[in-house]
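Take the given structure of chain W and dock chain P to it, following the hints.
As a plain string of letters, each chain reads:
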Amino acid sequence: MTARVGEELPTLRILITRTLIVSGAIASRDYQDVHHDAEAAKAKGSPDIFMNILTTNGLVGRYITDHFGPRARLRKVAIRLGAPNYPGDEMVLTGQVTAVAADGVAEISVTGRNALGKHVTGKVTVCLPPDRPQHVPRPGSDGEAR
Amino acid sequence: MSGERTAGGGPAVGEGAVSEGVVGEGGVGGVAVDDFYGRLKAFEGRTAAVGGEGKDPVNEPMIRHWCEAMGDANPAYPAIAPPTMLQVWTMGGLSGHPAGSARSEAYDELLALLDGAGCTSVVATDCEQEYVRPLRPGDRVTFDAVIESVSPRKTTKLGEGHFVTTRMDVRAGGDLVGRHRFRILKYAPARRATTAKGAKRPRPVINRDNAGFWAGVAEHRLLIQRCTGCGALRFPWLPGCGACGCQEWETVEASGAGTVFSYVVMHHPPFPAFDPPYAVGLIELAEGVRMISNITGVRYDEVRIGMPVELEFLRVDADLELPVFRGVVA
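Sequence lines, in order, name chains W and P.
Going by the UniProt record's numbering, 116 is the number at position 116 of the first sequence; the sequence numbering is gapless.
Going by the UniProt record's numbering, 265 is the number at position 265 of the second sequence; the sequence numbering is gapless.
One chain only, chain W, in its complex shape:
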């Protein structure tokens, strides 16, 4: 497996369950009622509870390290939220490598879509472990370093 510019990461599908929304909010110490209390969320004009930004952030980080492995180090995660993640929906995360520097630092653009549109768009900077090829392999070379 190589990290080369243009490489598409495998998609990650996340079912947006109430359990995920609530456990993510509580694990991030976010007790805003709109993330666990459907009645309170409705009173505030939202059709249901919705995922908090910290959980989205955590899922984006997981998406990157799931792919690049436990030795990859996140350097930067920058996300922007759009359509909310409501219970019963599914978020499909996709990613593409947009830059790979000689020192093994790669940039990945990430998008998470749900039934309403783009829930999250963002950019992740990750330091790849040294045993991964750090340069774009020449066409025709197998590019495997392991």
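Hints were generated in silico from the structure; no laboratory data involved.
Among the hints, erroneous ones may be present.
[Claimed, not checked] In silico DSSO-like pairs for lysine-lysine, Cα to Cα no more than 27 Å straight-line:
#	chain 1	residue 1	chain 2	residue 2
1	W	Lys-118	W	Lys-76
2	W	Lys-123	W	Lys-76
3	W	Lys-44	P	Lys-154
4	P	Lys-200	W	Lys-123
5	W	Lys-118	W	Lys-44
6	P	Lys-154	W	Lys-42
7	W	Lys-42	P	Lys-200
Relative to chain W, chain P alone:
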């Protein structure tokens, strides 16, 4: 700033609710033009939190709870904390930070000023984190934050409001371990105004070209135009024939039978007197022309292409009746 205040309360609805929904801005003229924005702008650079302390040291149980919630099986954790937990260590939790411990008055004043201007709702829109080094169990986190910017008044799909960006430096043992930039939208919800009780459906614009159609509706007849030159049926009503250009026409009363040719489900944005989600159908009448209308009698998510429908007239209010189509479930 403590994250619990800004972690995404308030309604957030619809595609690109914020990020793609900024369609205009007011108060661009700045201080001289807009005194209120001048007062907001004066908060830029002021302290949002100083001397904040994490309520707990970085610890394995919280890391495990987080990893379980995220479904993250990365074996690097919990020896280090997932970097994306950076903000978590600064959160006040259910009871908040002790009074006066971390948040500065400036941030509270800014939020109060926005509340006073009607921007009572808050939604988190952006989070940018840089990680200098991993946090490990036992690290004690401290943090300081500054109000980086306050935007001019923006019109978004959620409502009008101001974006407030804060930047937080997170330290452990005095060393910078991460930087966290957080943007919220403080806004006056548009939804409340648009779904006000008593909001009426839009009125049709009746003119010489379509008056015959609405006269038919008043008699519970759905009238289609037919060109007297070439016999082509047409809908919606137009002065001339799209097929031959002839301006002479007569009407044919639709039988009322039809099928769903296509449809969309409206979730957002909400319009006055409409209660999303609802289906908007493109109905193909038995006569062959198509019209856009509501589909009644079936849930929005049970509408299907090809579903047979039957014409009925819906009394919307005292002054308005509309032709709609009732789904016929097999």
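- Which of the listed hints are broken here? Those not satisfied come down to hint 4.
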